[in-house]
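Start from the sequences, fold in the hints, and give me the full structure.
Note that the protein sequences, when read in sequence, are chains A and B.
For the first sequence, this note's numbering assigns the number 1 to the initial residue and increments by one for each residue that follows.
For the second sequence, this note's numbering assigns the number 1 to the initial residue and increments by one for each residue that follows.
Since the hints were derived computationally from the structure, they do not count as laboratory data.
The C-beta atom is built at its ideal place from N, Cα and C for all residues, glycine as well.
Treat each hint with caution, since some may be false.
[As the list claims (entries may be wrong)] With a Cα cut of at most 35 Å, we get these calculated DSBU-like pairs of lysine-lysine: (1) K288(A) - K364(B); (2) K288(B) - K161(B); (3) K161(B) - K364(A); (4) K364(B) - K155(B); (5) K288(A) - K161(A); (6) K288(B) - K288(A); (7) K255(B) - K228(B); (8) K155(A) - K124(A); (9) K364(B) - K255(B).
[Said to hold, decoys possible] Some chain B residues near chain A, calculated using beta-carbon distances under 7 Å: (10) A275; (11) I307; (12) L326; (13) V339; (14) V341; (15) Y478.
There are 2 protein chains.
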Amino acid sequence: MALSMPLTTLVILPVTALIVTAVSTLLATASSRLASRILVRHSSSTVSFPCVDAHQARESRILSSIPSQTSPDATETGPEPPYARPLPTSYHTYHHSGPLALTYGSELPSFDMAYETWGTLNAKKDNVILLHTGLSASSHAASTELNSADGWWEKFIGPGKAIDTDQFFVICTNVLGGCYGSTGPSSFAPAISSSSAPARYGTNFPVLSIFDMVSAQFHLLDHLGIDKLYASVGSSMGAMQSLAAGWLRPERVGKVVSISGSARSSPGSVAMRFAQRSVLMADPNWNKGFYYDGLPPHTGMKLARQIATITYRSGPEWDQRFGRMLRDLPTPATAVGAVRVPALCPDFLIETYLDHQGEQFCLKYDANSLIYISKAMDLFDMTLSALESLNLTPPLPAPAPTSSAPSGSPKRRYASPPAHLTPHPPAHLPDLAAGLSPLANTPVLILGVQSDILFPVEQQREMADALRMAGNDSVRYYELGGVWGHDTFLLDVLNVGGAIRGFLS
Amino acid sequence: MALSMPLTTLVILPVTALIVTAVSTLLATASSRLASRILVRHSSSTVSFPCVDAHQARESRILSSIPSQTSPDATETGPEPPYARPLPTSYHTYHHSGPLALTYGSELPSFDMAYETWGTLNAKKDNVILLHTGLSASSHAASTELNSADGWWEKFIGPGKAIDTDQFFVICTNVLGGCYGSTGPSSFAPAISSSSAPARYGTNFPVLSIFDMVSAQFHLLDHLGIDKLYASVGSSMGAMQSLAAGWLRPERVGKVVSISGSARSSPGSVAMRFAQRSVLMADPNWNKGFYYDGLPPHTGMKLARQIATITYRSGPEWDQRFGRMLRDLPTPATAVGAVRVPALCPDFLIETYLDHQGEQFCLKYDANSLIYISKAMDLFDMTLSALESLNLTPPLPAPAPTSSAPSGSPKRRYASPPAHLTPHPPAHLPDLAAGLSPLANTPVLILGVQSDILFPVEQQREMADALRMAGNDSVRYYELGGVWGHDTFLLDVLNVGGAIRGFLS
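Structure follows, in structure tokens:
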């Protein structure tokens, strides 16, 4: 029996042990990790693992791009994060020099907000659409004169498109907490004294809420002299911000568009984001958030993005797109009747797809931004009880619109929705309706996708139900089919774009 | 603007650099990782991260349990994996001294198979139920005289229970590739020569298929003199094995029970298992599968289990069980109106639940077993085209049972199922029906759960449809509601147990 056999010998070379001791003295916290690395492994696999070697190869590439500390040309500045390397000449930056009070008790002493615009602000300044992004997007929603690259919503924004720039002046910001020009954990905190060295926030950055992100945006609107938005538009986390904007300042937001969003993050979506944060924070390079002077947690970021990608698409899409197909082999087996030996590294196309998505993303975004912004999504909850626990007092709704109904047909107010969209309304629905009451007089478009597993359609229905229960009789509600899952808002120009265009007109 | 400010200084202590050089010489492959660790980080967080410290604390505990190499008592054997520490006196072991040919072309020179039994084998040896486990379970399905601890299916097996040990002789094995007594990657490979040191397989272990696992079980049955099973029963991966057993030897398997299984792994389930393997293989301690003489990849295992747990339960259960509740704080805020500052480490109960599940599991199971067995699940595909690509020729079905129908009512054979369970049968359904043809005359119970996201109900329906299309008119098919998701088979004694009992009687 295997278990009764003698076990493999463990060897530690004396010189290596000496090094361990030295390192331990210098860096006590790292010692156990180092010790684990220098156990000499005398067995080795006859199998190759390109997916594992990829992490080390990536690390070598990053290290080789860091200026050598011993070369005469060495600067004193350390590496710039890769995502920050393009010079920020392609967007505008609003600098807010005063403090921004935050939901969870602290404040930012000042902040920057990157933004881009499309279309022309009219004389009355009443044609403004504020566009909110998903978790990791920049302000570059569409190409501009400053940056001709396609934006993340290129097909939705432009002359004659769903968000028609012949009619509207569109503003998109990089979200507070992000890493594409707005203040976030990778930003330098204002120096405490003139003699102290500048330092990045790292995890000394305060926990943000979706409301904080929107508050910062209203400061930008103030700066631009824009009193009232024609509409607030967003998808995914942007839908949360869109709703929060209409809630925070009902009198300043004409219409609200929420696409594949949520008014109350569910434990299921928290779980998926928790899994991402966990793999990221377990990467030793994350170093509790202080990695800006060394290697970023690139492996953790890749793993996190792989998990995220699973939540962005849907099983039915993968059934159609990948099925059980395998990657092409560099040297296909040619022997007749030969059985292909499966690899433990990515082999199915679904695996190579996820691997590729992770690899593409892992150096493009700041790990701490991912942690803080995904946490803000988890924390989002517009039930009255949750808002009250944050000392957020619901403002009054905007004044009810003048009825355009013919006389003799008084405008009807619903005490409860005409019919629940969901046959089994959740217990928190009245609480959510009470929380959403500031939006009672704001026209709202709710659009959801039946194959979305991250913001499931039940959450879309409960949002619409709660708004109607709050007395809103201007809720437009659509559900889309299709197989694109959460990413539908990026892809389905015909249906998503059509619904937006109809609602805005 | 933040980006134009001077950057943080990077410092490398000379003595540390010297050590890097020495270590690099010794262990070239580890050098870049080491270099990354000894960049001196001079910023630090004012926030504590107990979820990150937990990984180091666990590592210290494991290291302190490894016998010191310099102490006079040091053995030459290295640490025993924690999961293997209980002595294997609580199960039987069948040793197969001959080679086992494997699906993917190689062979195991010999193998062990751990098993436990319940009930009494009758004189005809025709009351045997072979029970197959899910991915990580041991042979300990229920308590025995040798091991009084509750088993993983304790409530389902025993006198008068769903699997009635007053009637049946039940055998449960630890799966081939596992780490609870059966041969797997953590086992020692037979020595090539008498002078060579014994070495564990690690990732030199061959890739396994579900069919290989079942082949090994048939060798055990041969050894026990059991010609024919009354039934083959399994849930999750066990359901795949159960189906494979009936397929491989139709004449030796009387009935097949498949609970929350699949006849063809979908890309969606492959994706979830790929995410688990990825985080595990990215743990530097995994070391391409050769960690048995040092620290196991405990952090990777914890992260993998967190992801797995998300797939085992369901969002609706978490809505009910956790909602948006937060963990109790060690020192609750008492100030009136104080806002609780959220933690980036687990704070919501859903997060602490996932964290706990990962922590509990991470040292209980062998990482390589997880990789190999989850891969075998991904590879499982009973379409005829997939079977043919493995040179697996479908055997003939068992002889059709003598009709018990009254004369004048001839037994009807279906050319196609009487009605598809799924309104949109997948394109591969005829291929799957052809593949499953050896089971045409075997009574099969298919049971699925509507809230299962890992083995979704569509897969249950396609299995039943395909069997009926293959001419099987003894398919019993149930769908369960409820919120327990994939784990329903472990929890729902009333419905799952009842269906099994009814089918077996």
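These are the hints, each one checked on the structure:
no., hint, verdict
1, K288(A) - K364(B), "holds (27 Å)"
2, K288(B) - K161(B), "violated (44 Å)"
3, K161(B) - K364(A), "violated (56 Å)"
4, K364(B) - K155(B), "holds (22 Å)"
5, K288(A) - K161(A), "violated (44 Å)"
6, K288(B) - K288(A), "holds (26 Å)"
7, K255(B) - K228(B), "holds (10 Å)"
8, K155(A) - K124(A), "holds (27 Å)"
9, K364(B) - K255(B), "holds (33 Å)"
10, A275, "holds (5 Å)"
11, I307, "holds (5 Å)"
12, L326, "violated (10 Å)"
13, V339, "holds (5 Å)"
14, V341, "holds (5 Å)"
15, Y478, "violated (22 Å)"
Hints 2, 3, 5, 12 and 15 from the list above are not met by this structure, while the remaining hints are.
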